[in-house]
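S.K.: Protein sequences, first through last, are from chains A and B. Under the working numbering, the residue at position 84 of the first sequence is numbered 86, and the numbers go up by one with no gaps. Under the working numbering, the residue at position 73 of the second sequence is numbered 407, and the numbers go up by one with no gaps.
It is possible that part of the hints are untrue.
To be verified - Now the in silico label distances, taken between C-beta atoms and shown as ranges: (1) A/TYR211 - B/PHE504: 30 to 36 Å; (2) B/GLY362 - A/VAL100: 43 to 49 Å; (3) A/CYS136 - B/LYS592: 37 to 43 Å; (4) B/GLU631 - A/CYS136: 26 to 32 Å; (5) B/ALA586 - A/CYS142: 53 to 59 Å; (6) A/THR129 - B/MET485: 55 to 61 Å; (7) B/HIS570 - A/THR129: 31 to 37 Å; (8) B/VAL640 - A/LEU196: 39 to 45 Å; (9) A/CYS142 - B/GLY477: 51 to 57 Å.
What the hints contain is simulated information worked out from the structure, not anything from laboratory work. We treat Cβ as the ideally placed atom computed from N, Cα and C, and that holds for glycine.
Listed below are the residues making up each chain.
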Amino acid sequence: MIVGEQKNIDEIAAMLEKEDFDNLLITGCGTCVTVSMAGGEREVNALAEILQAYFASKNKNVKIQKATVKRQCDFEFLDDLENEVDSTGLVLSLGCGVGVQHLAERFPDKVVLPGLNTSFYGAVTNTGELAERCIGCGNCVLDEYHGVCPIARCSKSLLNGPCGGSQDGKCEVDPEIDCGWQLIYDRVKRLNKLEVVTGYHEPKDWQTYRDGGPRKHVNKEYFGN
Amino acid sequence: MPEIKSLLKKRLEAGQFVVCSELGPPIGADPEFIREKARRLKGYVDATNVTDNQTAIVRMSSIAAARIAADEGLEMIIQVTARDRNRIGIQSDILGASSLGLRNVLCLTGDHQVFGMDKGAKNVFDLDSVQLIKTVHDMVHEGVLLNGKEMEVPPQMFIGGAANPFADPFEMQMLKMIKKVEAGVEFFQTQAIYNIEKFEYWMEEVRKLGLHKKSYILAGILPTRSVKALKMMKKHVAGMDVPDEVIARMEAAGDKKKEGVKMAVETIERVKQIEGVRGVHLMPVAWEEITPVVVEEAGLYPRPEVE
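Please model the complete structure; the sequences and the hints are all you need to start from.
M.R.: See the structure below:
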């Protein structure tokens, strides 16, 4: 899922300082960022309380509304927000970067601000802990590496083996980071499939990533023949 | 125009035990800095590497500095890392370097940018070191670019790569070394050796795989005079193995400079005995002036002639 982290409250306050409004709508998103505990209903409520106190301390009279939709990345759910958005001066979204942009597109006359940083695509690795697993390169190679992605898990996205900076299973970038190639090696050893990492891997065609420009996915079955 | 050939390659083909050194370019645009360093090395070494923004710190370009030093009469090895340039930039640089008469290249992945002063830089790593070696090999020996385009005048390069006997996972590192050989590497320069036993064991594995017969292996030697530097390398330099005994020995030494030279000379003498080691690569950090001293003390001076 998409993992997000709420922006620092000072950063959010500084963002709001630049705007002129007396009515604020904080919107949460009920899907990915709810799981990473950054932008769901709970976080919307908590942020609303903090901001209410902040505005009070500044002697500012701001009415705060709250609304969490199932997915900010789908117009179907944004339609439900029409009344709230109409009655507000400013939207602060706790959705991911996709949600913020989708709100701005659906409500072109309103200022929409981001309340969180979109971190990465990750998995739950521990209670309250999520870790990056995919960069969305657009051409999955997990078959070639038996379930550990060198592009997402190696700091240098190396396709032909570890760099000289791998020591004791850790990455040269940070001892907190597992060496992606150690993980690949351990996995193929376990599966007795070392041969998958002995062959030469060609340079990747990055056109399916950002390097082909902004991407679009069209579900052909929607459009018949 | 007379044809320029790699003298390093000639020496290795002639069976000489070669001596390479390293020259760190300045953070600045002073060519005299390079000339002065080059003049001090002349006659003592067979080829000199110029690092490519080593540890991700911005310095004068490897190719430019190498050309300046070559004009002082040194045989140069340019370094190319995959960190800062994509396949377009790298191939362009190889063409440029060759056209400037530079004939040796060391192909590296490159230290991650977190080691330098531009931690916020966007890294590239479009190619990895194996792909980089293959790309240069195909340019030189097949006359084609990575995209298949043929060149009328291909570049000429003697192609090197790095090998780290001390990095993990050991078996995977070996597999990568095999891949480099298959991709067309002609010589290896190894990570600096402080753990000689581990290096000997590694060379044993290299010989078992026959890699010493398919490439020239040059052992990395890093003379140092400082306990602090040894501790720093042990802790912070990617892929370095500095045993505690080495640090203790330096701590106990009265004359640290003398001890540093002695340790380097002992390592050279030891690796010289190892079958398959075809030379040494001296890379003192912030102590480049010691290179001629180490070469002399190790009995490697004067350097033999080359045709």
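S.K.: Next step is simple, just say for each hint if it's right about the structure.
M.R.: Checked hints:
1. Taking 30 to 36 Å as the suggested C-beta distance range, the pair A/TYR211 and B/PHE504 conforms, at roughly 32 Å.
2. Between B/GLY362 and A/VAL100, the C-beta spacing of about 45 Å keeps the proposed range 43 to 49 Å intact.
3. Checked against the hint of 37 to 43 Å, the C-beta distance between A/CYS136 and B/LYS592 comes to roughly 55 Å, which is inconsistent with it.
4. Taken as a hint, the range 26 to 32 Å is violated for the pair B/GLU631 and A/CYS136, whose Cβ atoms sit roughly 54 Å apart.
5. Checked against the given bound of 53 to 59 Å, the beta carbons of B/ALA586 and A/CYS142, roughly 56 Å apart, stay inside it.
6. Taking the beta carbon of each, A/THR129 and B/MET485 are about 57 Å apart, inside 55 to 61 Å as hinted.
7. Between B/HIS570 and A/THR129 the beta carbons are some 32 Å apart, a value that agrees with the proposed interval 31 to 37 Å.
8. Under the hint 39 to 45 Å, the C-beta atoms of B/VAL640 and A/LEU196, about 42 Å apart, fit the expected range.
9. One distance hint, 51 to 57 Å for the beta-carbon pair A/CYS142 and B/GLY477, is violated here, with the actual separation near 34 Å.
Hints 3, 4, 9, counting from the list given before, are not met by this structure.
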